[in-house]
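Sequence order for the protein chains is A and B.
If you're matching positions, the first sequence starts at 247 in our numbering and goes up one per residue.
If you're matching positions, the second sequence starts at 4 in our numbering and goes up one per residue.
One or more hints might be untrue.
[Unchecked claim] Here are the simulated SDA-like cross-link-like pairs (lysine to any residue), alpha carbons at most 25 angstroms apart as the crow flies:
{"#": "1", "chain 1": "B", "residue 1": "K23", "chain 2": "B", "residue 2": "Y147"}
{"#": "2", "chain 1": "A", "residue 1": "K295", "chain 2": "B", "residue 2": "G65"}
{"#": "3", "chain 1": "B", "residue 1": "K80", "chain 2": "A", "residue 2": "R255"}
{"#": "4", "chain 1": "B", "residue 1": "K23", "chain 2": "B", "residue 2": "R127"}
{"#": "5", "chain 1": "A", "residue 1": "K295", "chain 2": "B", "residue 2": "P62"}
{"#": "6", "chain 1": "B", "residue 1": "K80", "chain 2": "A", "residue 2": "E316"}
{"#": "7", "chain 1": "B", "residue 1": "K104", "chain 2": "A", "residue 2": "Y380"}
{"#": "8", "chain 1": "B", "residue 1": "K104", "chain 2": "B", "residue 2": "R79"}
{"#": "9", "chain 1": "A", "residue 1": "K295", "chain 2": "B", "residue 2": "Y150"}
{"#": "10", "chain 1": "B", "residue 1": "K104", "chain 2": "A", "residue 2": "G288"}
{"#": "11", "chain 1": "B", "residue 1": "K80", "chain 2": "B", "residue 2": "Y150"}
{"#": "12", "chain 1": "B", "residue 1": "K80", "chain 2": "A", "residue 2": "H377"}
{"#": "13", "chain 1": "B", "residue 1": "K80", "chain 2": "A", "residue 2": "A315"}
Keep in mind that the hints were calculated from the coordinates and are not lab data.
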Amino acid sequence: MALQSRITRLVLPIGGRDHVLGPPDAPVTLVEYGDYQCPHCGAAHPVVKTVLRHLGRNVRFAFRHFPLAEIHPNALPAAEAAEAAGAQNKFWEMHDLLFANQDALEHRDLVRYAEALDLDLPRFVAELPEHTWYPRVREDFMTGLRSGANGTPTFFVNGMRHDGPWDAESLIEALAAPRVHASKDA
Amino acid sequence: MANANTLQQPAQATETGVLKPGVPAPAFALRSTPDQMVSLADFRGQPVVIAFYPADWSPVCGDQMTLYNEVLPEFRKHRAVVLGISVDGVWCHGAFASARKLHFPLLADFEPKGAVAKAYGAYRYPEGVSERALFVIDGNGSIYWSYLSPIGVNPGADGILEALESLSATPRPA
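So that you can see chain A by itself, here it is in the shape it has in the complex (with noise of 0.2 angstroms):
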């Protein structure tokens, strides 16, 4: 039989400071590790948003940002943007934005969204160089290294790394799957 991978579990689990999509009390939860200007992560995004009308209320979502800065330069002024919209209760208008829009991350680009959304510009483009929502976007990827996650997109579904595929089937399949506590033994 195949090698068993380490078990890999989400250190921070789904809370308060999370951008969360669905009841506090479903049943079963889909965590992702993103990064705005990953393809594979803008191709997960129509397919996370599969997955929770599938389930509907019986899923929780969260999205964390796991921005790799180094192959990817827009991803962290992208993911601090989606926070300053957050801090504007609208994190999810500009997430959707900077998933729809991956070949258009610059500074001015981000602008042009704020203003679509009718975000508070003055504070916004004031917080964009203060890097004022950096340590969080920060915290997002250091709970997601120390939870294992391994590229982008990681998914976590019920707190367990999902090493498997995820296009839409497979993420139901494993959200929908009993639940399997660290198991070593199938």
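With chain A's structure known, arrange chain B on it following the hints.
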């Protein structure tokens, strides 16, 4: 625990093949560029993270070396250096490192092919590539932690960080 392959493994290898903690890390000197050699001995006195991986050019966003490149500042907090090792040649490594903007050396375990991977119990004979195996070597040149990942699974960085933290917390003999 018993494994049908144990007969082919070096004496000191664990049941999964890779050298285990407590044994001296086999010495090596490998090329990082056409005219530069890197030796394990160069880093005596500081922790060394060795990441054997099967091949350059795996898909970008899930790539193990790309991840370690992002995590370098965390590794450096422990004064640790990172060395990536595969059987790819120096020119391949050079192109890969440049494309991914890697800031740590990739070493070519190229001739004799896979000799260092074999010494660490981290060579896959049928495929002729390194395993996806991680080692943390302490400042005295002993293996402090090792981990063999399923070849298709990028092991991430959490195990390495735990090992480095534990190593930093261990008092060094005077």
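So if I understand the rule, the pair passes when the alpha-carbon distance is 25 angstroms or less; does K80 of chain B with R255 of chain A pass?
holds (24 angstroms)
With a cut-off of 25 angstroms on the C-alpha distance, tell me whether K23 of chain B and R127 of chain B pass.
holds (17 angstroms)
With the threshold set at 25 angstroms, check whether the alpha-carbon distance from K104 of chain B to R79 of chain B stays at or below it.
holds (18 angstroms)
When you check the alpha-carbon spacing of K104 of chain B and G288 of chain A, does it fall within 25 angstroms?
holds (22 angstroms)
K295 of chain A and G65 of chain B were given as a pair; does the straight-line alpha-carbon distance stay at or below 25 angstroms?
Since the Cα atoms of K295 of chain A and G65 of chain B sit roughly 21 angstroms apart, the hinted pair holds (cutoff 25 angstroms).
Checking one constraint from the list: CA of K80 of chain B to CA of H377 of chain A, max 25 angstroms. Satisfied?
holds (22 angstroms)
CA of K80 of chain B to CA of E316 of chain A, is that 25 angstroms or under?
Holds, at about 19 angstroms.
For a C-alpha distance cap of 25 angstroms, please report whether K80 of chain B and A315 of chain A respect it.
holds (19 angstroms)
Holds or violated: K295 of chain A to P62 of chain B, with C-alpha atoms at most 25 angstroms apart
holds (24 angstroms)
Can you confirm whether the C-alpha distance between K23 of chain B and Y147 of chain B stays at or below 25 angstroms?
holds (8 angstroms)
Hint consistency between K80 of chain B and Y150 of chain B [alpha-carbon to alpha-carbon, up to 25 angstroms]
Given pair K80 of chain B, Y150 of chain B holds - Cα atoms ~21 angstroms apart, limit 25 angstroms.
Please verify whether K104 of chain B and Y380 of chain A have alpha carbons no more than 25 angstroms apart.
holds (22 angstroms)
Hint violations for this structure: number 9 only, all remaining hints satisfied.
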